[in-house]
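Visitor: Letter by letter, the chains look like this.
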Amino acid sequence: MRSINRFRPLFYVLLSVYALVTFIPFLWALSASFKSLPEIVSGGIHFIPKHFTLDNYQTIFKQEPMFSRWFMNSAFIAISVTVFNLLFNSMAGYALARIRFPGSTLMFYSILAMIMIPGQLTIIPSYLIIKELGWLNSYQAIIVPMAAQATYIFMMRQFFISFPKELEEAAELDGLGRFGLFFKVVLPLAKPALAAQTIFIFMGAWNEFLKPLMLMSDKSMFTLSVGLNTFKGQYISFWNYIMAASIIMTIPALLIYIFFNRFFVQGITFTGTK
Amino acid sequence: MKQRLSTMLVLMLALVMVVSACGNNSKNGESASPSSSASNGASQSPAKEPVEVTLAGWGSSPEEQALLQQVLDEFQAKNPDVKVKYEVIADQYMDVIKTRLIGNEAPDLFYLDAFEAPALIEKDVLEPLDGYVTPEFDIDDFEAPTINAFKSGDGKLYGLPKDTSTLALFYNKKMFADAGITAPPTTWDELMSVSEKLTKKNGKKVEVYGLGQAPELARQMFMIKAFGGQLSDEQGMATFATPEAEKGLSLVIDQHTKANTAGQPSDVGAGWGGEMFGQQKAAMVIEGNWAIPYIQTNFKDVDFGTAEVPTVNGEKGTMAFTVAYVMNKNSKKKEAAWKLLSYLTGKEGMKTWTSKGFALPTRKSVSAELGYDKDALRGALVAGSSYATPWQAGSTLPTIMNNFNNQFVAAYTGGSSLTDALKKGQETANKEIKAAQ
Amino acid sequence: MARLKGKNKIRDLLSGYSFMAPTIIILGCFLLLPIGYAIYLSFHKVNLLGTVSYKFTGTANFERMVDDPRLWIALRNTVKYALIVVPAQTILSLVLASILNMKLRYRNFFRVAFYLPTVTSSAVLVLIFMWIYNSNGLLNYILESFGLPTYNWLGDPSVALLGIMIMNIWSTAPLFMVIYLAALQDIPENLYEAADIDGANGWQKFWRITVPQLKPVTFYVVVMGIIGTFQLFDQSYIFSAGSGGPNNATLTMVLLIYQYAFKSMDMGYASALAFLLAVVIMLITLIQRLIFKEERLN
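Residue numbers (the numbering used here), protein chains in the order written: chain H, 1 to 274; chain L, 1 to 437; chain Y, 1 to 298.
FYI, nobody ran anything at the bench for these hints, they're computed from the structure. Any given hint might turn out to be false.
[Unchecked claim] Ranges between beta-carbon positions, derived for each pair:
no., chain 1, residue 1, chain 2, residue 2, range
1, Y, Y40, L, D233, 31 to 39 Å
2, L, K174, H, I48, 22 to 30 Å
3, L, S417, Y, L83, 25 to 33 Å
4, Y, F109, H, M66, 33 to 41 Å
5, L, A179, H, V17, 38 to 46 Å
6, H, T105, Y, V79, 23 to 31 Å
7, L, T257, H, T59, 36 to 44 Å
8, L, T257, Y, L138, 21 to 29 Å
9, H, T105, Y, L148, 49 to 57 Å
10, Y, L143, L, D178, 27 to 35 Å
The model shown is predicted, which means the values in this text are computed figures rather than measured ones. Just so you know, even glycine gets a beta-carbon here, dropped at the ideal spot from N, CA and C.
Pulled out of the complex, with its shape left as it was, chain H reads as follows (with noise of 0.2 Å):
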């Protein structure tokens, strides 16, 4: 403990440094936000816009009636995924670490092989599904096809493996089925990794890009990812408007890594720093 205590200063002076090499970027993709375009290109680096201007956080609000729209199908889409995830991601991977039946180990790694395809080959075929369907520019396009998925299936199952079994043999005694164990005493226990799921399963889907892009072609369904993307010219990027929407994107997926970070405090520190 003590030992811990005598290079606390060099903790803090490694951390700050980590902390402007990781903020600097981002309190630059702020300031720029604020210049207009011929500031931004004059080159230099300055954080503070000379001429600081809200044109073009108004020129997207204002310009794109849609924006209001696109907002609210990011949200609808990415708070859905994000719900159905959690549930059948946690489902499938406490199956896979704890349930023991026939076809759970090709499973798991039938699990491994699908993260393991690069989903550029996937990209033409999941779009003729999609169109057989008749899902094209409609929310279940990208929502469906999302619900599970198979990284955070393998990571919860990672969690679920270094679980605790006295609770679970506990339950059972006490005459909880399956379900019930899960739902009543695991899930809960599960918190730390839920609220870590949460959290990418959001930014994931919040910031999904390539979906949307292929699969709406309505202006209407178009995601705030897509929406925002469209300042780019063939040979010119406007990088004040993507700048300020790239702020705009950010924020909701920060806010709920702050908000949900609480759940990363509730357990044991480990060093006995009293």
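Could you slot chains L and Y onto chain H? The hints should help.
Guide: Okay, now just chains L and Y, sitting in the frame of chain H:
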């Protein structure tokens, strides 16, 4: 008991999800398909409901988007029987278009860069337009190279160019005056010698390059031709590793690696030539029309002029970039689509679209009417169109370009000799082209 | 007793499959089906655009790999990339998470700051890194002021991949940091209390309790790190404008697959390449599983 209940619960949830998804779909299907019902309606009773034509393009500045909307509004005011649905494809334009073509869900009309045209024409997914063109449309009014870029080998027309740009030499007037240079260079030798004068070094580090370069095939293809080289042959095989081609390209490379009076935008932290020029880190760049409004609005204090690209080996040369509107072969509303297409590329529509100078017209009459051929800045660009090399070379160009750029950059940064780089690029490209056949 | 066991087995079978049901339906329809289609394509010469045609060519697409020099360069780049990035980001994220799990002042500030690279959009990140990496950029400025050699980070083949590596470590470490943070909350407190009684110091506790307890999650982090690095695409695409240059220095497996699938529309060969990639990753994962053999189903 309890357990079975929860099993049921979960199964039901899954079921509800699938069903609700399908249910939503039918609802959404209705709202999303006025297009198909509209087209049926149109074929039976044209007066009832306007036909909806979809038009897809890539993103652009808010100003350009507004200008296009203006053209579309004018069209709809004159043609109440056609409604235009404009779709923006935000990124990876060709990937999305190809995917939608494969799924038979592509728009009726869409933008197509000349560079991508041969591959799509070869795949037979575009509608030949010869049958639609009327004498009033005055197809001879188009600059021949711009329209030829969208013709197949057997002369069929598959697209009508909406706008074009060649490359011209942009020069910073103040830097020229400071260096005592009175006129922009007209030959490549002159270009090299003024670059020398214009380059400003601080010790070993170059602060201002005489010339800003873009070491990529799209910008350098005319240099391959300058001494009689060729990018590819009739069969689509790469043929750029010849002494002739190398002679032209070495002018680009040597000025960077040996003379050190030319650099690429990333050498000075700029994103592209226009930015490099605007930031006054290059006294000259070779860019297209898109750079003019960009520099004018973003770098108001930069006083610049344009001139035709200096001659290489006594010959004039530059690149031409053309974009056309093309019609989807599987479109169900070809008649209405043609109406829109002929308006957009007709004299009236093109005049509005090119009126603000974001793009240059492909029709000679429009160009003359807007006075671009005599324009101080755009005159050089217009002049270039008569001798420009179109950015296009058969359906294997994507493979050739990939391998060329990959190796050319290595030579540009001094990683390998130009001879080796070209040889390696050509070999790999041809191997891939052969393997794909 | 035997009957009870049999009953238990059936019970486990039923509950196992009902837990898996939503996953099976969704992944089956939207992932397995497209993958199955891609497997089919890998044995054909395919034309999807225009007149659709499938010509069975047996293993021709796989034989073609042997003679594709760019494939081997891409594979070599990818392996080199993974060998550096995966250990670096795993260690960095574990260290960051362990530190942020302590009771530090301004802990929440640091947690948010460290996470920012993950939420900042990749287009913006690339722009910023272009500015840091260019010959007159920040990185060279710093190197110069320390009297170190400078590089053309974007143009020089020998360092171009390294530039992408640094950027990738920096932007993915926060993701794994969050996973480690979550996993740290699940370590039973009594393990540390017992160690306290034994008089273990913080460092010993970290090595003897924290690291072993995090093994399953580390397995996840490493596997996902390997998958992520083997599937690197965005950064090399943007840095090299899609070509993989200079001189193939930034060519990665997925960039190659993308070039074949979308630029040349050669779906058959692209599919075959994707399966090669999947097999390589799978083999590495299996080897890892032998190393990480901590977990046994009870």
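Visitor: Hint by hint, note whether the structure agrees.
Guide: How the hints compare with the structure:
| no. | hint | result |
| --- | --- | --- |
| 1 | Y:Y40 / L:D233: 31 to 39 Å | 35 Å, holds |
| 2 | L:K174 / H:I48: 22 to 30 Å | 29 Å, holds |
| 3 | L:S417 / Y:L83: 25 to 33 Å | 30 Å, holds |
| 4 | Y:F109 / H:M66: 33 to 41 Å | 36 Å, holds |
| 5 | L:A179 / H:V17: 38 to 46 Å | 45 Å, holds |
| 6 | H:T105 / Y:V79: 23 to 31 Å | 28 Å, holds |
| 7 | L:T257 / H:T59: 36 to 44 Å | 43 Å, holds |
| 8 | L:T257 / Y:L138: 21 to 29 Å | 25 Å, holds |
| 9 | H:T105 / Y:L148: 49 to 57 Å | 51 Å, holds |
| 10 | Y:L143 / L:D178: 27 to 35 Å | 32 Å, holds |
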